[in-house]
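Number of protein chains: 2
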Amino acid sequence: MITRLSQLFVRTLREDPADAEVASHRWLVRAGYIRRTAPGIYTWLPLGLRVLKLVEEIVREEMDAMGAQEVRFPALLPREPYEATHRWTEYGQNLFRLKDRKGGDYLLGPTHEEMFTLLVKDLYSSYKDLPLSIYQIQTKYRDEARPRAGLLRGREFVMKDSYSFDVDDAGLDASYEAHRQAYIRIFDRLGLDYVIVKAMSGAMGGSASEEFLAISASGEDTFVRSPGGYAANVEAVSIAAPATVDAGDLPAARAVDTPGTGTIVELVAAANAAFPRADRPWTAADTLKNVVFKLVHPDGRSELLIVGVPGDRDIDAKRLEAAVSPAEAAPVADDDFAANPALVKGYIGPVSVVDGAAVQHLGAEGPLKVRYLTDPRVVPGTAWITGANVIDTHLVDVVAGRDFTADGVLDVAEIRDGDPAPDGSGPLSLARGIEMGHIFQLGRKYAEALGLKVLDQNGKLVTVTMGSYGVGVSRAVAAVAEATCDDHGLAWPRALAPFDVQVLATGKGEEIAAAAEQLALDLDAAGLRVLLDDRKASPGVKFADAEIMGMPTSVVVGRGLVDGLVEVRDRASGDRVEVPLAEAVGHLVALVTA
Amino acid sequence: MITRLSQLFVRTLREDPADAEVASHRWLVRAGYIRRTAPGIYTWLPLGLRVLKLVEEIVREEMDAMGAQEVRFPALLPREPYEATHRWTEYGQNLFRLKDRKGGDYLLGPTHEEMFTLLVKDLYSSYKDLPLSIYQIQTKYRDEARPRAGLLRGREFVMKDSYSFDVDDAGLDASYEAHRQAYIRIFDRLGLDYVIVKAMSGAMGGSASEEFLAISASGEDTFVRSPGGYAANVEAVSIAAPATVDAGDLPAARAVDTPGTGTIVELVAAANAAFPRADRPWTAADTLKNVVFKLVHPDGRSELLIVGVPGDRDIDAKRLEAAVSPAEAAPVADDDFAANPALVKGYIGPVSVVDGAAVQHLGAEGPLKVRYLTDPRVVPGTAWITGANVIDTHLVDVVAGRDFTADGVLDVAEIRDGDPAPDGSGPLSLARGIEMGHIFQLGRKYAEALGLKVLDQNGKLVTVTMGSYGVGVSRAVAAVAEATCDDHGLAWPRALAPFDVQVLATGKGEEIAAAAEQLALDLDAAGLRVLLDDRKASPGVKFADAEIMGMPTSVVVGRGLVDGLVEVRDRASGDRVEVPLAEAVGHLVALVTA
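Protein sequence lines, in the order shown, are assigned to chains A and B. Heads up: the first sequence is residues 855 to 1448, going by our numbering. Heads up: the second sequence is residues 855 to 1448, going by our numbering.
Calculated directly from the structure, the hints in this document are not laboratory data. Certain hints may be false.
Where chains are identical, the list cannot tell them apart; a pair therefore holds if satisfied intra-copy or between any two copies.
[Stated by the list, open to error] Here are the computed lysine-lysine pairs in the DSBU-like style, where the Cα-Cα straight-line distance is at most 35 Å:
1) Lys953 with Lys975
2) Lys1199 with Lys1314
3) Lys975 with Lys1199
4) Lys953 with Lys1172
5) Lys1199 with Lys953
6) Lys1307 with Lys953
7) Lys1362 with Lys982
8) Lys1362 with Lys1307
Quantities reported herein were computed from a predicted structural model and do not represent experimental measurements.
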């Protein structure tokens, strides 16, 4: 059955939607594939729904092929299982919570680890039942603080999530690897340029974890790669800490007057002017910058946290967010400083000089009782210029391990192009990507919390070990659009196009309309999915709409018809070729099935 | 690819689930098709999901065939459109409401009239764009007061909802009829024994409305039929009011002592004893029973309502519910009587005798200011025995229209087998059914509330007229199970079976296992969907599970194999036939594709 554009429920827009930040969002709306219903919540129009279903089907085929079995959970879930794993609280404001008419607590599922664990516990009891991989393609909900970029970060979205269940670690490794291979096939079929990177597991818990990132400047994730093959999300990079330094002959920490040096740049300039080094100038890397955050825990409790990093590096907001999750780190306001006069803004440091002697100022055991964590580069023996906790004053030769001890390490400083890869595989380069898939070795966290055990070969109860694996299905529609669109509109790869061919009748005259219609019917009979632009509209409008809508191939039935010719256009390359009408079906079938 | 029962994620249960009231619920759970997650909220296991998808596909094919176009709306919806049509309030406790992190009001969509209306308003502007029918197959939410019977009345469920948009009433009639025909094809293909009945439109608004009810004793709906072709949900029956009576020579209403006659039975007995009629005995139909309700409006406002019906009929709770919707009628409690001493429980009537004269007691204009509605049979001129509003006292010859006037008619008395059809087509018979589909002529209610207008042929803005059409997709799974299951388990019709054939290897020996496996592979190669029971289990367990799981055909590879025979069993009829193994594939293909 051919689809006629005169009857298709679609309207292209001449103007960009006001809220569209990225190309895929702009074009999916302008081409009539989706419409915004609320922030981060979209409606699928017929063209968009066709693409979504094609993505779903590719994911389903590959999950089935690896032996995973499809199930479907509700989106509306009771509180209790998520209470048992603490995620009811840990998800914080990202969770949509609601009450039913009887006052019972429910949530809209952001991910279903708890429910799958309980279902397997309900059905299975023996090692003989395992391994098991089950999945669903289902609508999920997260109350994102900043929904953005259309389908790329929504609040209601379609995900494939699967879960593996094994009796031991070797089984989990095998299930993880099977998913990894299935994901490679899925993202290959989607035609995405992607990279597999080490990842943080965030609120999921668990150990080994990798992300599949579609490489895209519009992506929200930053990842690093080295020539030697290291690849990681910046959130997951653990920098290689330098070796401990012998600080044997360094002088004692001493205070210096540094008026008006509330910034690192001012401080370095003042240091080089007032107390220059003999061997080289001071640089920002010689300074220790101490940044104050308010850490808000999921239960609402909050505390101050001070993070010390070399002054030449900023703190990376996403690395910080990932490191403190499920707590959230907020910048401190002036009234927090006002409430803590011992924190002298711009001059904070781990050490104070009291009666001529260095005394630790920061840290849970210090006089302020404020937790103090430092960058891995702040190893024992390293010496720093840092704040003296007195206005317009810094200390020089403050030595880690001698003058102060931090409460721990927090590896959240920015990663820069050229930084060494942690595994020694060469300098890192940074790029951005869209998270398309995520595979985790969850381990026994959920099975333990919810009591999923089976009898092993020896009749002994053992806790099951699990993996959790996600694919952003609706996000994939946007990611492919983002990767393939151009200045004129969408340009789908064949595997995801709503139609194989768009037939355009251009020019007046019943002959042209009749020939276009017959060609559309013939293409349909040959098994192609055909969209016929039969509207009473100008050729210009039809050409523009065909480019916006982005079918991979269009056929123009117009002026050339008097010579028995039609024009075949390739959307992606812009190539045009004239083909005899009589050969058009064969030509197009060959193109589409190539 | 064949599916092996040894690996399929399923467990059959030997015991009925405690909460299963109906057979379909019992067997869908016991056969491992679904699992309860929360009240009225279910998880689909692989077997169940296969059936659900088959139903979805039948619905989708027929909707596409009638020219409707598929879209997909979110389930999480903003408040504003539902506020504009008052349904945010009118849905009362049936609506799941929630707030996002910014305090914005959202709901989980119970039905999507508002959203479809706004989408068409967004895209379309001319009569040339119409007619249009668009639909979705999507998860919906209703916070039912009494979720029951498994999938038959859930709180999260799958529906197909479609909406038609026309420029005039003739267009709406055509769109409605097209849906009606598509529904007939859908329910025919589902193999349901169903009836199309007149329906109330409830909270939907609108005029013409019909329901497709699967005839089933487990159904929640009661419908009536007459030999002449009248068919209606009892909620939608409007009884034919008798003609007005001339009450010219009736004596004035007079009080009689009727001690201890708080019930109609007691009253009739007392009347025949104390003041018998000359022509015939008094019957309950001579009495007027006045029942007090508390009417609670969606905005929380409440008022008393008194309903007068002939004493031989009860008030039908569902007819009442439908008639007062979106308000709800609750029985009154003793403290309501205590708060209204003028309402004498057991002796309430529309008239009091004050100083020897009949004075109207009930009604919005009466001294009590309580709304009083009467059954259509209470026409002017009819005389009644009814309460005197004094303990142990009734009035005789209280004449409607002479002694009292009600505030209006309320047609909510029970309908009984043998009652005349309103259209004169003969006596009614009652039966029960499961509501599978509902088609409405909504008219212009939603288009007006949300401003959906298009330019007509004359360039004039006209309000679009709409239809709304629903199919219970997940409910259909249960309805078909309910209609086809027996005392041994499920018994699917071929069109909805998760697998065409279940192959059972029964008996020990590698030869049997190998032959069963080869037969399964051959059937798969012939295009059948095959479930192979390859478990190490006894023949008894395999036979029982095959009956519970309910594939239409099973093939037993067992004892007969030495003679080159397999046994083909028909699940529904129980018929068994021995077939040579060599002919089994041909035999089964013929069965399945018959």
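Query raised in the report: How do lysine 953 and lysine 1172 come out at 35 Å by Cα distance, when the copy is not named: within, between, both, or neither?
Result: For lysine 953 and lysine 1172, the Cα distance is within 35 Å both inside one copy (33 Å) and across copies (27 Å).
Requested in this report: Could you figure out if lysine 1362 and lysine 1307 sit no more than 35 Å apart (CA to CA) within one copy, between two copies, both or neither?
Outcome: between (73 Å within a copy, 31 Å between copies)
Query raised in the report: 35 Å Cα cut-off: does lysine 953 pair with lysine 975 within a copy, between copies, both or neither?
Result: both (27 Å within a copy, 33 Å between copies)
Query raised in the report: With identical chains treated as interchangeable, where does the CA-CA distance between lysine 1362 and lysine 982 reach 35 Å or less: within a copy, between copies, both, or neither?
Result: Answer is between; shortest inter-copy Cα gap is 20 Å, intra-copy 70 Å.
**Report entry** Within, between, both or neither: lysine 1199, lysine 953 at alpha-carbon 35 Å
**Finding:** neither (45 Å within a copy, 38 Å between copies)
Query - Identical-chain pair category, lysine 975 with lysine 1199, by Cα at 35 Å - result: neither (54 Å within a copy, 56 Å between copies)
**Report entry** Homomeric proximity label, lysine 1307 with lysine 953: Cα distance no greater than 35 Å
**Finding:** within (32 Å within a copy, 37 Å between copies)
Query raised in the report: Given a CA cutoff of 35 Å, do lysine 1199 and lysine 1314 count as a within-copy pair, a between-copy pair, both, or neither?
Result: neither (60 Å within a copy, 68 Å between copies)
In terms of the numbered hints stated before, the structure departs from hints 2, 3, 5, listed from lowest to highest.
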